[in-house]
Amino acid sequence: QQQVKQSPQSLIVQKGGIPIINCAYENTAFDYFPWYQQFPGKGPALLIAIRPDVSEKKEGRFTISFNKSAKQFSLHIMDSQPGDSATYFCAASIVGYQKVTFGIGTKLQVIP
Amino acid sequence: DVKVTQSSRYLVKRTGEKVFLECVQDMDHENMFWYRQDPGLGLRLIYFSYDVKMKEKGDIPEGYSVSREKKERFSLILESASTNQTSMYLCASRLQGAIYGYTFGSGTRLTVV
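In the order they appear, the protein sequences are chains A and B.
Residues in the first sequence are numbered from 1 upward in steps of one, following this note's numbering.
Residues in the second sequence are numbered from 1001 upward in steps of one, following this note's numbering.
Here chain A stands alone, though its shape is the one from the complex (with noise of 0.2 Å):
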């Protein structure tokens, strides 16, 4: 059972797109959202979070776009760099609870 959709699995942006990421998730006690940015070879790492209690969280030219409602969360990459190509994962948890659900990542190409 995949608690956490991702879409698309793949994207492909000129340099200088907003390319958009999007998750969607079932379990409602979910209360942690971070999305984690991954480069071939490496590790996944944080990249921004956020608490369902704001519907949108800008760093830099990340943005996470959150919708309680409908159980959708979403993340824009601002006038995106061929810097950005990687693959991002997006992730929910219930804070103080060790596991977290990760979706099937999408892999980033910005072409200049």
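Think of the hints as simulated: they come from the structure by calculation, not from any bench.
It should be emphasised that the depicted structure is a prediction, and the values quoted were computed from it without experimental measurement.
Take the hints with a grain of salt, since some may be wrong.
A few chain A residues facing chain B, derived, Cβ under 10 Å [claimed, not checked]:
no., residue
1, P8
2, N22
3, A24
4, Y36
5, G41
6, S93
7, T101
In silico contact screen, one side only, chain A against chain B (beta carbon under 8 Å); selected entries [as the list claims (entries may be wrong)]:
no., residue
8, Y32
9, P34
10, A49
11, G105
A virtual CB, placed ideally from N, CA and C, is assigned to each residue, including glycine.
With the hints as your guide, set chain B onto chain A.
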């Protein structure tokens, strides 16, 4: 800088071998995790440990076991390696009760032939 170190970057083993994957963290974290990463399947939790000598099964524990004798070290054991265990294995750690996310190692790519 905090670190999670996985002992091998690449590993090739034969079917039926007993395989040990080692992970060490230097952050004094209580929680440690083993995931496997496969294309189209994302990250799937194999086992996790919330303290020394404590362990819990994740979503796909079959064919695996773990050992945590010291706080900083968490080992994943493939009792009898099979070709369907060919994968990228990722170790992660986190401070107990922390709201922020994991710190991952760089992974071990295991090929079972």
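Right, here's what the structure says about each hint:
no.: 1; hint: P8; in the structure: violated (12 Å)
no.: 2; hint: N22; in the structure: violated (15 Å)
no.: 3; hint: A24; in the structure: violated (14 Å)
no.: 4; hint: Y36; in the structure: holds (7 Å)
no.: 5; hint: G41; in the structure: holds (7 Å)
no.: 6; hint: S93; in the structure: holds (8 Å)
no.: 7; hint: T101; in the structure: holds (8 Å)
no.: 8; hint: Y32; in the structure: holds (6 Å)
no.: 9; hint: P34; in the structure: holds (5 Å)
no.: 10; hint: A49; in the structure: holds (6 Å)
no.: 11; hint: G105; in the structure: holds (5 Å)
In this structure, the hints that do not hold are numbers 1, 2 and 3, in rising order.
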